[in-house]
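Trainee: In case you want the letters, here they are:
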Amino acid sequence: MQLNPEFSLFVGRFHPLLVHLPIGLLSFALVLHLIQWKKKSARLTEALTILWLLAAVSGGLSILTGWLLSSGDGYETETLERHKIGGILVAVLSLVVFITYLIQGKSQRAAFPILRLTGIVSAIGAMILTGHWGGALTHGGSYLTEYSPFAASDSTGPAGSTARQIRELDSAYLFEDAVLPILQAKCVSCHNEEKTKGEYLLTSHTAILKGGKSGAGVVPGNLATSELYRRISLPEDHKEFMPTDGKTPLTEEQKAILEWWIETGAHQQQRVTAFTPNAKQRDELVRFFGLDQQAVAGYVAPAPDPSAINALLNNGYQVNLLTRTGNLLEVKFNGKGSSRPDLSLLVAVKQQLVWLQLENCQLEDADLTALAPLTSLFKLNLNRNPISEKGLTFLPALTKLEYLNLYGTQVSEAGLPLLTSLPALKKLYLWESKVDQTKIDSSKLTGKLELVLALDTLVP
Amino acid sequence: MNQFQRPLSRREMLGICKCGFGSLAMLGMFGSLLPSCSGVEAGKNQLLDHLGAGPIPPGFVPRAKNIIFLYMDGGISQVDSFDPKPRLAKENGEDPAKKFKMDATQFGDVGKILKSPWQFNRYGESGMEISELFPHIGTCADELALIRSMVSNFPEHTNANYFLHTGSGLQGRPSMGAWVNYGLGSENSNLPGYVVLDGGLIPPGGLDNFKNGFLPAAYQASLLRAGAEPLANIKPLDSIAGIQEEKLAFLKKRDQHLLQSLDGNDAIEAAISNYELAYKMQSSIPELTEFKEESEATKKLYGLDSPDPNTRNYAAQCLLARRLVERGVRFIELTCPDIGGNADRWDQHSNLKDGHERNAHAVDQPIAGLLKDLKLRGLLDETLVVFSGEFGRTPFAQGTDGRDHNPSAFSMWMAGAGIKGGTIYGTTDEYGYRVVDKPVTIHDLHATMLHLMGVDHKQLTFRFGGRDFRLTDVHGNIVKDILA
Chain A
1 MQLNPEFSLF
11 VGRFHPLLVH
21 LPIGLLSFAL
31 VLHLIQWKKK
41 SARLTEALTI
51 LWLLAAVSGG
61 LSILTGWLLS
71 SGDGYETETL
81 ERHKIGGILV
91 AVLSLVVFIT
101 YLIQGKSQRA
111 AFPILRLTGI
121 VSAIGAMILT
131 GHWGGALTHG
141 GSYLTEYSPF
151 AASDSTGPAG
161 STARQIRELD
171 SAYLFEDAVL
181 PILQAKCVSC
191 HNEEKTKGEY
201 LLTSHTAILK
211 GGKSGAGVVP
221 GNLATSELYR
231 RISLPEDHKE
241 FMPTDGKTPL
251 TEEQKAILEW
261 WIETGAHQQQ
271 RVTAFTPNAK
281 QRDELVRFFG
291 LDQQAVAGYV
301 APAPDPSAIN
311 ALLNNGYQVN
321 LLTRTGNLLE
331 VKFNGKGSSR
341 PDLSLLVAVK
351 QQLVWLQLEN
361 CQLEDADLTA
371 LAPLTSLFKL
381 NLNRNPISEK
391 GLTFLPALTK
401 LEYLNLYGTQ
411 VSEAGLPLLT
421 SLPALKKLYL
431 WESKVDQTKI
441 DSSKLTGKLE
451 LVLALDTLVP
Chain B
1 MNQFQRPLSR
11 REMLGICKCG
21 FGSLAMLGMF
31 GSLLPSCSGV
41 EAGKNQLLDH
51 LGAGPIPPGF
61 VPRAKNIIFL
71 YMDGGISQVD
81 SFDPKPRLAK
91 ENGEDPAKKF
101 KMDATQFGDV
111 GKILKSPWQF
121 NRYGESGMEI
131 SELFPHIGTC
141 ADELALIRSM
151 VSNFPEHTNA
161 NYFLHTGSGL
171 QGRPSMGAWV
181 NYGLGSENSN
191 LPGYVVLDGG
201 LIPPGGLDNF
211 KNGFLPAAYQ
221 ASLLRAGAEP
231 LANIKPLDSI
241 AGIQEEKLAF
251 LKKRDQHLLQ
261 SLDGNDAIEA
271 AISNYELAYK
281 MQSSIPELTE
291 FKEESEATKK
301 LYGLDSPDPN
311 TRNYAAQCLL
321 ARRLVERGVR
331 FIELTCPDIG
341 GNADRWDQHS
351 NLKDGHERNA
361 HAVDQPIAGL
371 LKDLKLRGLL
381 DETLVVFSGE
391 FGRTPFAQGT
401 DGRDHNPSAF
411 SMWMAGAGIK
421 GGTIYGTTDE
431 YGYRVVDKPV
441 TIHDLHATML
451 HLMGVDHKQL
461 TFRFGGRDFR
471 LTDVHGNIVK
481 DILA
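Those protein sequences? They're chains A and B, same order as listed. Oh and the first sequence: position 327 is 327 in the working numbering, straight run, nothing missing. Oh and the second sequence: position 47 is 47 in the working numbering, straight run, nothing missing.
Hint data in this document are derived by calculation from the structure and do not stem from the laboratory. We put the beta carbon where it would ideally sit given N, CA and C, even for glycine. Certain hints may be false.
Short derived list, chain B residues pointing at chain A, Cβ under 10 Å [unchecked claim]:
#, residue
1, Pro62
2, Val110
3, Asn188
4, Arg327
5, Lys372
With a straight-line Cα cutoff of 20 Å, these simulated DMTMM-like cross-link-like pairs (lysine to aspartate or glutamate) come out [stated by the list, open to error]:
#, chain 1, residue 1, chain 2, residue 2
6, A, Lys448, B, Glu125
7, A, Lys255, A, Asp245
8, B, Lys292, A, Glu6
9, B, Lys299, B, Glu287
10, B, Lys299, A, Glu432
11, A, Lys427, B, Glu187
12, A, Lys336, B, Glu294
13, A, Lys336, B, Glu290
14, B, Lys420, A, Asp245
15, B, Lys420, A, Glu253
16, B, Lys101, B, Asp437
17, B, Lys480, A, Glu252
18, B, Lys480, A, Glu253
19, B, Lys480, B, Asp456
20, A, Lys427, B, Glu326
21, A, Lys186, A, Glu176
22, A, Lys379, B, Asp109
23, A, Lys255, B, Asp481
24, A, Lys448, B, Asp142
25, B, Lys372, A, Glu176
26, A, Lys448, A, Glu253
27, A, Lys336, B, Glu94
28, A, Lys336, B, Glu287
29, B, Lys112, B, Glu94
Given the sequences, and given the hints that come with them, work out the whole structure.
Mentor: This is the structure:
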């Protein structure tokens, strides 16, 4: 029979609704049978006749819709087969029991009592098993026992592990906490023990490396010959692109992580930090693990010395705590063009100080060396101070610096080679500085650095 | 002074006694389950103590330190501004009832399908489509995260305004600016943390849109007007220097005395801090509102030289907003200028073309100027700019040339701190009448704004009337896809 596939799916999706009819009817029939055990009653026999007929009919409808539903892909075949046979058995047995009642008619004596009893018992047994297999199809085989107190905890086994909660980047394993959960989410539905498309199993480290039909899946350190990588980096409409069948493709982040894992040797037991991720990779990982809300790139400082904070407050600084937990400080001094801050006080909070704002403080080049020890800084405002590139030689010491504001300073294009070489820098503000736009060699600017110079070059 | 020495009221008595003997036993039994007794003191961390009465630090590192809320009073029409619908042009003049199911409208006078009188252009690398109404904002398209799938619960101004400002359609809840200040505090002790720059139009629903509700009174908005005297009595009346200080010192002494005799009282504490703040503002406000330090180029960028007085008015508000951001004011809301004529706000039930055009002209260049100026100074990195009305308008006419209220779909955008610029989020149907994909509620908007400020909207609570209240009530999902 050829049905429009969409229509057959539409009808098929009534299956989960219909299947509860025979379940309910049979359970009710069981109760009536138990009542009748001791005390036969003609009324109950009548009711049972109808119940078994209805069970057979609704069982038949369930089989029909179930069959239509299974035409949609994605069910694990072995369980599906069992579920199907079980379902047919339930309907057929119900029919058999009904027929024994039909033959019995109005008579008091049961027709074929042995056959009937066997039919009743096996119909109900088949119903329970079929229901269970159906549940396993929709929710997965481990759904029922997952949270059972008796279930063996297999969190160490790579196949069963779901992503564990990562709180700090330093504690994450690249394979176990990133690679495996990605494959689990996007690939394992088709590449598991039961349904191994392309003969490729993606549930353990060994299997992932080994590959499928066409040989090695992942070649450590070699992207070009890794079949897995080739399949995910094809254009999405390519017929060999993975995942197939229009399933949600990997995100850029996920792809980058797989790529990085293969490049660094596809290890099984290495912490993320063992590969010294660069700023961009760190970013990707932090986002992947959802860490960005915790602290600046997972950074947590020890509690600051109260006397150091007092000293800052007493000397015209404003001190804000940026996070409840990370002890990260924002320190601000607005000189309003007339007063100057005492920069030597800042060293005492160097571990906590992530954002320093020294706007319009009459700072000069010679003053800035005092900032070199402040290596935790990720944001620094030096705008509107009479400083030039000569004062900026301390900057390479600030390896975490992501944001640098130099608008309204005397910095010229001679400072750009230094500024653009800062490893973590993402935003650089040079409006109303001495930088001559026409002398900027834009090829030297990396994509990650946003340079804000003047109105018409807001975006590089 | 006799009137101050009155017996304790029942409420005060309970207030003082609630942590007394009875509760000691309770505390033993329930420990930290009693927030009103065990609360703040125990949980305060050492550093916080040290920073004195400073603001409570946010829960995680914030992307934004300030919010500028550009409120487009009256309900801007989405199909004429940020959500192009070519089908309206094709079916212009046809009967909408034959095309889709319509909800009842506010005024009922349903006309024909009405095409937009404006063309849409593509802007920036993102190719975002924005109508001719906003040529300047268009140049900032790559900074904007445009949400085309906003929905509101209310089709009428007053409730919709309360909903947008307080997360509840009923009067009396704290405004989002109050919540932000309650959560984070002001960074500037000379200025209030929540400022409304009154462009001329107070929204329907009145000042309750900007109130503290059940939060301490200190968190309500301070209203600054455009013009020479932004705040009443901002110039000291005492001509002899020093007299004012002495008067204030005396007042403070008396107030402290009363405060002690009552063992703390919210209203009196708020009054004392209001006096102090008012005094400080007499020096900080004039410094703030004079634009002497601003270069001519900057003023021009905002449109302060525009021939349109409404543009000049809004430009001054926008520039003032930037100056407030620089001074650490947390939440700044700008209300719309009164453009006069027969246009009331953005609420064009008739004369859509004239009203929207003049409204847009008033705000377009100043807003673009604000975005660019913030960007150049590095402030857009820490400031969230939000542009929204309370609801949208119908794709079919009210009468012949107006549009009625439509809470089922409208557009708004955010830019700045933590926002992924050039993003378009959500979709409406082919008429722009209803949201068909990724609806964003007002609660979602609030949750996202708080998130960017480093506050978890589920954690920011205030116990009132026996339960913990939130800005987002029991709703709100962060719109993650627009975050950088």
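Trainee: Quickly compare the C-alpha distance for B/Lys420 and A/Glu253 to 20 Å and report which way the hint goes.
Mentor: Roughly 16 Å separates the two Cα atoms, so the pair holds.
Trainee: Does B/Glu94 lie within 20 Å of B/Lys112 when you go C-alpha to C-alpha?
Mentor: 5 Å, holds
Trainee: Given the proposed pairing of A/Lys379 with B/Asp109, does the C-alpha separation stay at or below 20 Å?
Mentor: 56 Å, violated
Trainee: For the pair supplied as a hint, B/Lys420 and A/Asp245, is the alpha-carbon distance within the 20 Å limit?
Mentor: 30 Å, violated
Trainee: Hinted pair, alpha-carbon criterion (20 Å max): B/Lys372, A/Glu176. Please report holds or violated.
Mentor: Since the Cα atoms of B/Lys372 and A/Glu176 sit roughly 45 Å apart, the hinted pair is violated (cutoff 20 Å).
Trainee: Starting from A/Lys448, check that the Cα of B/Asp142 is at most 20 Å away, please.
Mentor: 16 Å, holds
Trainee: Could you grab the alpha-carbon distance between A/Lys448 and A/Glu253 and see if it respects the 20 Å cut-off?
Mentor: 16 Å, holds
Trainee: For the hint on B/Val110, just tell me whether its beta-carbon gets within less than 10 Å of chain A.
Mentor: With a minimum Cβ separation of about 35 Å from chain A (threshold 10 Å), the hint on B/Val110 is violated.
Trainee: Straight-line Cα separation of A/Lys336 and B/Glu290 no greater than 20 Å?
Mentor: Roughly 15 Å separates the two Cα atoms, so the pair holds.
Trainee: Could you check if B/Arg327 really has its C-beta closer than 10 Å to a C-beta on chain A?
Mentor: 9 Å, holds
Trainee: Compare the distance between the alpha carbons of A/Lys255 and B/Asp481 with 20 Å, and conclude whether the hinted pair is satisfied.
Mentor: Holds, at about 18 Å.
Trainee: Is the Cα-Cα distance between A/Lys427 and B/Glu326 20 Å or less?
Mentor: The hint holds at about 19 Å.
Of the numbered hints listed earlier, those contradicted by the structure are 2, 8, 11, 14, 22, 25, 27.
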